[in-house]
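**Q** Given next are the chains, with one letter for each unit.
Protein chains: 2
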Amino acid sequence: MLNAPPKESRSKAKSLLMNLQEKICNKLEILDGKELFKEESWIRPEGGGGRSRVLKNGQIFEQAGVNFSEVYGSELPQSIISQRPEAKGHKWFATGTSLVLHPRNPFIPTVHLNYRYFEAGPVWWFGGGADLTPYYPYLSDVRHFHKSHLQACEKINPNLHKVFKPWCDEYFYLKHRKESRGIGGIFYDYQDGSGFLYKGKNQKGLAHKISNEIGELEFSWDNLYSLAENCGNAFLPAYELIVKKRSSHEYSNKERDFQLYRRGRYVEFNLVWDRGTIFGLQTNGRTESILMSLPPMARWEYGYAPEENSREHYLTQIFTKPQDWQNDKNLERFCIENGIFD
Amino acid sequence: MLNAPPKESRSKAKSLLMNLQEKICNKLEILDGKELFKEESWIRPEGGGGRSRVLKNGQIFEQAGVNFSEVYGSELPQSIISQRPEAKGHKWFATGTSLVLHPRNPFIPTVHLNYRYFEAGPVWWFGGGADLTPYYPYLSDVRHFHKSHLQACEKINPNLHKVFKPWCDEYFYLKHRKESRGIGGIFYDYQDGSGFLYKGKNQKGLAHKISNEIGELEFSWDNLYSLAENCGNAFLPAYELIVKKRSSHEYSNKERDFQLYRRGRYVEFNLVWDRGTIFGLQTNGRTESILMSLPPMARWEYGYAPEENSREHYLTQIFTKPQDWQNDKNLERFCIENGIFD
Numbered sequence: 016m017l018n019a020p021p022k023e024s025r026s027k028a029k030s031l032l033m034n035l036q037e038k039i040c041n042k043l044e045i046l047d048g049k050e051l052f053k054e055e056s057w058i059r060p061e062g063g064g065g066r067s068r069v070l071k072n073g074q075i076f077e078q079a080g081v082n083f084s085e086v087y088g089s090e091l092p093q094s095i096i097s098q099r100p101e102a103k104g105h106k107w108f109a110t111g112t113s114l115v116l117h118p119r120n121p122f123i124p125t126v127h128l129n130y131r132y133f134e135a136g137p138v139w140w141f142g143g144g145a146d147l148t149p150y151y152p153y154l155s156d157v158r159h160f161h162k163s164h165l166q167a168c169e170k171i172n173p174n175l176h177k178v179f180k181p182w183c184d185e186y187f188y189l190k191h192r193k194e195s196r197g198i199g200g201i202f203y204d205y206q207d208g209s210g211f212l213y214k215g216k217n218q219k220g221l222a223h224k225i226s227n228e229i230g231e232l233e234f235s236w237d238n239l240y241s242l243a244e245n246c247g248n249a250f251l252p253a254y255e256l257i258v259k260k261r262s263s264h265e266y267s268n269k270e271r272d273f274q275l276y277r278r279g280r281y282v283e284f285n286l287v288w289d290r291g292t293i294f295g296l297q298t299n300g301r302t303e304s305i306l307m308s309l310p311p312m313a314r315w316e317y318g319y320a321p322e323e324n325s326r327e328h329y330l331t332q333i334f335t336k337p338q339d340w341q342n343d344k345n346l347e348r349f350c351i352e353n354g355i356f357d
Numbered sequence: 016m017l018n019a020p021p022k023e024s025r026s027k028a029k030s031l032l033m034n035l036q037e038k039i040c041n042k043l044e045i046l047d048g049k050e051l052f053k054e055e056s057w058i059r060p061e062g063g064g065g066r067s068r069v070l071k072n073g074q075i076f077e078q079a080g081v082n083f084s085e086v087y088g089s090e091l092p093q094s095i096i097s098q099r100p101e102a103k104g105h106k107w108f109a110t111g112t113s114l115v116l117h118p119r120n121p122f123i124p125t126v127h128l129n130y131r132y133f134e135a136g137p138v139w140w141f142g143g144g145a146d147l148t149p150y151y152p153y154l155s156d157v158r159h160f161h162k163s164h165l166q167a168c169e170k171i172n173p174n175l176h177k178v179f180k181p182w183c184d185e186y187f188y189l190k191h192r193k194e195s196r197g198i199g200g201i202f203y204d205y206q207d208g209s210g211f212l213y214k215g216k217n218q219k220g221l222a223h224k225i226s227n228e229i230g231e232l233e234f235s236w237d238n239l240y241s242l243a244e245n246c247g248n249a250f251l252p253a254y255e256l257i258v259k260k261r262s263s264h265e266y267s268n269k270e271r272d273f274q275l276y277r278r279g280r281y282v283e284f285n286l287v288w289d290r291g292t293i294f295g296l297q298t299n300g301r302t303e304s305i306l307m308s309l310p311p312m313a314r315w316e317y318g319y320a321p322e323e324n325s326r327e328h329y330l331t332q333i334f335t336k337p338q339d340w341q342n343d344k345n346l347e348r349f350c351i352e353n354g355i356f357d
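In order, the protein sequences belong to chains L and X. Each number in the numbering used here comes from the position in the first sequence (counting from 1) with 15 added on. Each number in the numbering used here comes from the position in the second sequence (counting from 1) with 15 added on.
Any given hint might turn out to be false.
To be verified - Here are the computed distance ranges between Cβ atoms for each label pair: (1) L/G291 / X/H264: 46 to 56 Å; (2) L/K344 / X/F294: 36 to 46 Å; (3) X/F356 / L/N324: 55 to 65 Å; (4) X/Y319 / L/G291: 15 to 25 Å.
None of these hints come from the bench; they were simulated from the model. Ideal Cβ positions, reconstructed from N, Cα and C, are used throughout, including at glycine.
Pulled out of the complex, with its shape left as it was, chain L reads as follows:
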C-alpha cells in the first residue's frame, strides 16, 4: 500500500537536492584548492530547468561536474509509463542532483553520485546512489567507501544495504566487456515505501534474491527522504579521505595511459548502457549537462591486455568484479601480500 507524500513534498525534495549540490560543490572547491566551479543555469522549454556546475583543470580534479535539475511536464515518457502504469495521465515532476568527478591523478578514483525524486499524481518515488571507479585501487579505500554508505543506509533500516549493494553491481555492469564499471557502492530506484526493496528487472540477480528473502517492507515518505539525505551526506566524507590519501602518489605516463584507457570504459558504460544518459539524449535533454559525465580525455587501444600480475591486471581481475569487500578474507590477504591493502 502506497503511503501518501506529505504536503510540500516537491519543494522539500527540491531543497534537499539543491542543498546537496551546494554543500558538495563548496567542499570540492576546498578539496581542490585551486579552481572554482563555474555555474550555468538553464531553462527547459517544456518545463523546469537546472543549474550545471563545472570545475575544470583543477589541482585535484581534471574535471568535476555537478548538476541539479527540476523538471516537469504533462506527458510522461513511455519508458516511465511502462515501469509505473499508475502514473499515466498525470502531470509529472522530477528533481535530481548528479555528479561525476574525474581526478587527474590515476591513484584517485573516478566517482559518481545521483539522487532523485519523482512524482506523478498519486505515484512518487526516490532513487539514487553512489559508486566508485578506481584505476589503482587499495582495499582499505574500497572498504571505506562501502562502509560509509552502509552506515548511512543502516540509520534507516539494516536491510536496505543488503539489496542496494548488489543492485549497484548489477546496474553498473558493462555486458559487452563482462566487467563491472568499478567497485560499486549503492544503487536504488522506484522506492515508494511499499513492497519489495528491489524494483529492477533482473529477476536472476542477487539483489532480487536477497530482496525476496527479506520480504515486503514499509517506509514512510520521510524515511526515504532521510535515506537520500543520509546517503547524500555520506558521500563527501567517503570520497574525501581517499582523495587526501592518494593525491600525493607519484605517477608516470604508464599510469596516466592506463587511466585514460579505463576512462574509455566509463564512456562506453555511459553511452551504451546508462538508462539516464540514453534517455536524456534521445528525448531532447540538455546535451552538455548530460554529457558532463564524460571524461575530459579518454583512450581506446585495440587488443590491450594488462601484463600478468601487474597492478593493471589486478584491476581487471579483481576490482571490476562484484566482491564481498568487507568480509572476503582471501581478498584481504591477497591485497596485503601485494601491497594494495592500505
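Could you slot chain X onto chain L? The hints should help.
**A** Below, chain X without anything else, positioned relative to chain L:
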C-alpha cells in the same frame, strides 16, 4: 518481385568483401609508409568468424582498423525479423567488410566504409556505403569524395546516388547534437533489387521523398554485386587523393585539440546511434573488433564553442550539415573567399 540469388551467391559475396579488405589494406600500408597491419582471426562460437586487421601508430594513421567477417546461425535477431519478416525461421548468413581510419594530422579527415551482404532462405540483400568526417575541410576534397561515389553508383543506375546521398546524411546524424557526423557520402541498406530504393524508416526525410519520385526499380543480384564492387573500389582513390594533399599540412596543439574534441562526437555517434555497433555489443559480438571504430584518443569539453568565423566555426556551421556540395554556388563562393576551397 524478389529475384533469386545466383548459385554460389554466398561465396561470391564473401570473396568480394574479403578481397576488398585485402586490397584496401595493401594500399593503406603503402599510403602510410611506416607501419603494417597486424591481423587477428577469430571464430564466432555460434557460427562463422572473422579477420580483424589493425595498423597502429603509423606515419599517416594513428589507427586504421579494417574488419572482415562471415557469420551465420539459425536464429535471427529480433531487429532483423521486424524489418524483414519473410526471413523468419530460415538459417541466415551475413558477410561484411568495414573500416574506420583515424589519421593523426587534423587536416586529414576520418573516414568510414562498410559493405555487407545478407541471406536468409529466399531473402537476401546488399547494404553499405562510405562517409567522410573532416575536421578542417576543403570543399574540393568534399566534392572529390562525393564525385567518386556518384560515379561508382552511376555505372549501375543514374538514380541510385540521388537516394543514397541523402540516406547517408540521415543515417549519420547525431540527433542530440543536431549535427551530421561529417560531410556524408553514400549509404544504402536492404537492397534486394525490388521496390523503392529507400528502405529505411524515416518517412519524413529527403531519401524517402526522392525515392518515391523515382518510383519502383528492378535490379538483378549481379547488378547489386557490381554496385558494392564499384563503390568498394571507388573508396581508396576517393580518400587517397585527400590524404596526399593534406598530409604535409602543419598543425599545432590548437588543431590537434579540436580534432580530439570532434573525435568525441565520433564516439557519441557510434555508441549512441549506430545500429550496427549497438546491436553487436548487445548481442555478444566480438567487442574488440566492433569497437575498433573508436578513436585511439578523444576529448570532451563542457560548453565548448568555436570562435566566430574561425575554421572550427565553419566546421560546425557548414560541414556538419547536409549540403549540395557539388552545385551550391554560395557555398563555393564562401569557401573560395575564406581559403577553404582547395
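**Q** Does each hint hold? Answer for all of them.
**A** Results of checking the hints against the structure:
1. L/G291 / X/H264: 46 to 56 Å: Violated - the Cβ-Cβ distance for L/G291 and X/H264, about 41 Å, lies outside 46 to 56 Å.
2. L/K344 / X/F294: 36 to 46 Å: Hint holds: Cβ distance 43 Å, inside 36 to 46 Å.
3. X/F356 / L/N324: 55 to 65 Å: Holds: the Cβ-Cβ distance is about 57 Å, inside 55 to 65 Å.
4. X/Y319 / L/G291: 15 to 25 Å: 22 Å, holds
In summary, the structure is inconsistent with hint 1 from the numbered list given earlier, while agreeing with all the others.
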